[in-house]
Amino acid sequence: MKALRLLGIAAFAFGFAAAAQAQQGKTVKIGVVLPYSGANADLGHQIDKAFDLYVKLHASDIAPFQVELIKRDEGPPTGAQAKTVATELITNDKVPLLTGFVFSPSAIALAPVMTQAKVPMVIANAGTAWITDLSPYIVRLSFSMWHPAYPMGSYAYDKLNCKTAAVAYTDFPPGKDSVEAFETGFQKAGGKVILSIPMGSPVQVPDFTPFMQRVKDAHPDCLYGFIPSGAHAAGLMMAYGEVGLKRAGIRLIGPMDLIPDNKLQDMGDAAVGTVVMGHYAVDLDSAENKAFKEEWHKAYGPDSYPDFMSAAGWDTMHAIFDTIKKLNGDLSDGMKVVNAMKGWKTVGPRGPVEIDPETRDVIQNEHAMEVYRKPDGKLGERVLGTTENVKDECKVLKLGRCK
Amino acid sequence: MPQFATIAISVLFDGLAYAMFLFITSVGLSITMGLMGFVNLAHGAFAMAGGYIVVSLTRSLGIDIVPSLIISSVLIALVSIPFERGLYRRLYKATDLEQVLLTIGLAFMAIAAFTYFYGPIPKSVPLPPWLQGDVNLGFRAFPAYRAFVIALGVVLIAVLWYAFEKTNIGAKIRAAVDNRRMAESVGINVDRLFTLTFALGSGLAALGGGLAIQLFGLTPSFAVLYLVLFLIVVAVGGLGSLKGTLVAALVIGIIDTGGKYAYPQAGNFFIYMITVIVLLIRPAGFYGRE
Chain S
1 MKALRLLGIA AFAFGFAAAA QAQQGKTVKI GVVLPYSGAN ADLGHQIDKA FDLYVKLHAS
61 DIAPFQVELI KRDEGPPTGA QAKTVATELI TNDKVPLLTG FVFSPSAIAL APVMTQAKVP
121 MVIANAGTAW ITDLSPYIVR LSFSMWHPAY PMGSYAYDKL NCKTAAVAYT DFPPGKDSVE
181 AFETGFQKAG GKVILSIPMG SPVQVPDFTP FMQRVKDAHP DCLYGFIPSG AHAAGLMMAY
241 GEVGLKRAGI RLIGPMDLIP DNKLQDMGDA AVGTVVMGHY AVDLDSAENK AFKEEWHKAY
301 GPDSYPDFMS AAGWDTMHAI FDTIKKLNGD LSDGMKVVNA MKGWKTVGPR GPVEIDPETR
361 DVIQNEHAME VYRKPDGKLG ERVLGTTENV KDECKVLKLG RCK
Chain R
1 MPQFATIAIS VLFDGLAYAM FLFITSVGLS ITMGLMGFVN LAHGAFAMAG GYIVVSLTRS
61 LGIDIVPSLI ISSVLIALVS IPFERGLYRR LYKATDLEQV LLTIGLAFMA IAAFTYFYGP
121 IPKSVPLPPW LQGDVNLGFR AFPAYRAFVI ALGVVLIAVL WYAFEKTNIG AKIRAAVDNR
181 RMAESVGINV DRLFTLTFAL GSGLAALGGG LAIQLFGLTP SFAVLYLVLF LIVVAVGGLG
241 SLKGTLVAAL VIGIIDTGGK YAYPQAGNFF IYMITVIVLL IRPAGFYGRE
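So the sequence lines, in the order shown, correspond to chains S and R. First residue of the first sequence? That's 1 in our numbering, and the numbers climb one at a time after it. First residue of the second sequence? That's 1 in our numbering, and the numbers climb one at a time after it.
No wet-lab data here; the hints were simulated from the structure. It is possible that part of the hints are untrue.
With the Cβ distance kept under 8 Å, some of the chain S side facing chain R (calculated, not the full set) [what the hints assert, rightly or not]:
(1) M199
(2) P210
(3) G235
Because the structure is a prediction, the values reported are computed rather than measured. Cβ coordinates follow ideal geometry from the N, Cα and C atoms, glycine included.
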């Protein structure tokens, strides 16, 4: 009798285990690599929150499958730690797909690994233009540095009355890339770049004052700035205001990294009048963005705002979910996954977004946006003009390292 | 191109503000290292903590930045005493490696704790009107906040110099830095002296951290990001020397600012170049004892 009961319990337990096994068979593991520590951790959090929110709200879309996000710390913007954790995710956790990646050096360091492992990397931020050329397994949902910077060149010359410009950038691949894109567009339009200043490494926030002083003394019409969107952005704006460039009539322009939405309110008067080119702003007027913002506030409170990274993160997870559905939960063939994503399109918080089948890079609208003081005293961004369906011009023109 | 003199003046001004920040934050580290030979890598964590207290006082309680800076320094000075009594004290006779492990561990714990409570997003503080905008000196306008940092630095230097050179306690500290065993044998309580200087140094670090918010922005990783700079100032100036720390902070602050202005392509090259040259010629730093 006792033996029978024991057997019963064993059978019961076994049944449970088997059921759990079956359940696990339907789970798709996704490796998420984002900076969760260090000076740039908030960048990681902005995307992480978007990922979690999408997974939470759209879990039923991919039934009977479910995703398990395995999150790892991308570390500092050097690529070394990202390479270690991503390799572990592939070999130990056997993830069929990696996403996240705030920093270009991480994606650049990992490109050969992805090719070798035949595992797709779906980039949610890292924006150096030629990253997608490094491996056929890389798909990008965020942007290339050229997306905002190249149209900014002609926009600044034609609409903002910038005849001369200084460029100042954080000295790492996306910084050089962004500046090159701006210079190409700006010179094509007829403008002249009179000063180019590298502003130190992305790891440490420098004292920006001497750089700004140099710009002030050179008297350009505009200053095109590129910094990693994080602690650097606050520092640059502080120095821009303090040194008095705005009063000297030097307008600050650049990609949206200059005014991360979650730091804009802290930037004060110096930021007013800054014009950025970008694919997203909290104030962007569309039904999709309104719904996105509502869900965001519901999940993270009224004081937390999504930014351009969150918007790209949201679309990234959307693309991954659609691919899971399309391939019936089987992501084991990396090339099949990449092919399934080619030509994928949606209308997300950013507006219409498409993955260019040729370059595996995103096609999206770019808006010129000016910072202004809203009637309620807060700072906001208003759209001055929109360029539609912008491709990565670096790859269109096949410039430099872009094929 | 503007006149060379105007450029030189603005570089000098910005460099001076930077140097004052370096001096205020590093001087405590220099004295404690000189006094006990103790390697305190958590020094930056005290600065970071001081900065966050200023953020809380100004943002949440609406206190003006100047009283906030004072309250924060005093608080951190007091808080540092139990750390010194409870933790540091046990490792005075231990090897450098053990000291480094303890203090860098403390720094990482502080980073994690402050990230938990304040989040990783850089903080800023509201400034009163008199610290915003410019101070016009006729030929050129200077940012008011930086002028304030310089003025504060000058006052602190004067006070510290007086305390070190003219008071009884200052004399005891100098004696203990010169020769600890001799100082102990003539009846100076070096232990208590150390607690005192440790608290003072931590309080000054907190002041530096508070001032840095408007210069660099404040994140929890401030605790280690700028630590290398503080250690360079201490090494170049010479352990335990007030004058050395001041000279090193000035040299590094001004040359780094000038280098960034004149030749930004060089990045941090100038800081390391000065460090290497000074340490080659004077291995113990400007005013250190060989």
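Run through the hints listed earlier and report the numbers of any the structure violates, in increasing order.
Those not satisfied: there are none.
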